[in-house]
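Engineer: Chains as they are written, first to last, in our numbering: chain P, 3 to 106; chain S, 44 to 132.
To be clear, the hints were calculated from the coordinates, so they are not data collected in a lab.
One or more of the hints may lead you astray.
[To be verified] DSS-like cross-link-like pairs, simulated, lysine-lysine; straight-line CA separation at most 30 Å:
#: 1; chain 1: S; residue 1: Lys-123; chain 2: P; residue 2: Lys-41
#: 2; chain 1: P; residue 1: Lys-41; chain 2: P; residue 2: Lys-66
#: 3; chain 1: S; residue 1: Lys-99; chain 2: P; residue 2: Lys-66
For clarity, every value in this text was computed on a predicted model and none was experimentally measured.
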Amino acid sequence: MTEAAAAGLLLVGLFFVLAGVVGVLRLPDFYARLHATSKCDTLGLALMVGGVVLHSGLTLTAGKVLLLVVFVGLINATAAHALGRAAYRSGLAPWTAERDRAPR
Amino acid sequence: MNDVVLVVIAALALAMGLSLYRVLAGPTNFDRLTGISLIGTKSMILLLLLGIRAGKLDALVDIALSYSLITLVSTMVLAKYLERPGVPR
Numbered sequence: 003m004t005e006a007a008a009a010g011l012l013l014v015g016l017f018f019v020l021a022g023v024v025g026v027l028r029l030p031d032f033y034a035r036l037h038a039t040s041k042c043d044t045l046g047l048a049l050m051v052g053g054v055v056l057h058s059g060l061t062l063t064a065g066k067v068l069l070l071v072v073f074v075g076l077i078n079a080t081a082a083h084a085l086g087r088a089a090y091r092s093g094l095a096p097w098t099a100e101r102d103r104a105p106r
Numbered sequence: 044m045n046d047v048v049l050v051v052i053a054a055l056a057l058a059m060g061l062s063l064y065r066v067l068a069g070p071t072n073f074d075r076l077t078g079i080s081l082i083g084t085k086s087m088i089l090l091l092l093l094g095i096r097a098g099k100l101d102a103l104v105d106i107a108l109s110y111s112l113i114t115l116v117s118t119m120v121l122a123k124y125l126e127r128p129g130v131p132r
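Please put together the full structure from these sequences, using the hints given.
Structural biologist: See below:
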């Protein structure tokens, strides 16, 4: 039962990670891509770490693995904010529906 | 569970390859940095799953933790650098 739950969490997390990759490949400009990756990746990692913790049981290693979720939650949010701010301040124009294609 | 871990490892490797396209072909440097951080997150999960597969999870968790902190430092420094005027985007 626990093994089945762990496998299910791994697969759901894999779905979110793959959705983030599809967003990075398909979306029209940098801001949209950043939006797709930062959230999908964090949620995917959290779910897959949940699967790993369920598989390995309640040990010190599981505590360290859960600490990884805390770190990545802080790190992905901070990095996405810093990247978006740097792009906006360096003058990268956001894509809008009026234009025909994404700005270079 | 073992088969599921193997399938997830293969799918994550494929996803890392697809993210590498954005690093190589991204129109701006910010796109390249986004792709690099995406590959970094995936490799943390990959380390955990390889640890389960090899039975050495306690050793590989520490590597994943330190890798996440290194990713933070490198991304913040490069974002600060690219924010400067005069640096090509």
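Engineer: Now, for every hint given, state plainly whether the structure supports it.
Structural biologist: Right, here's what the structure says about each hint:
no., hint, result
1, Lys-123(S) x Lys-41(P), "holds, 22 Å"
2, Lys-41(P) x Lys-66(P), "holds, 22 Å"
3, Lys-99(S) x Lys-66(P), "holds, 14 Å"
When the structure is compared with the earlier hints, no violation turns up for any of them.
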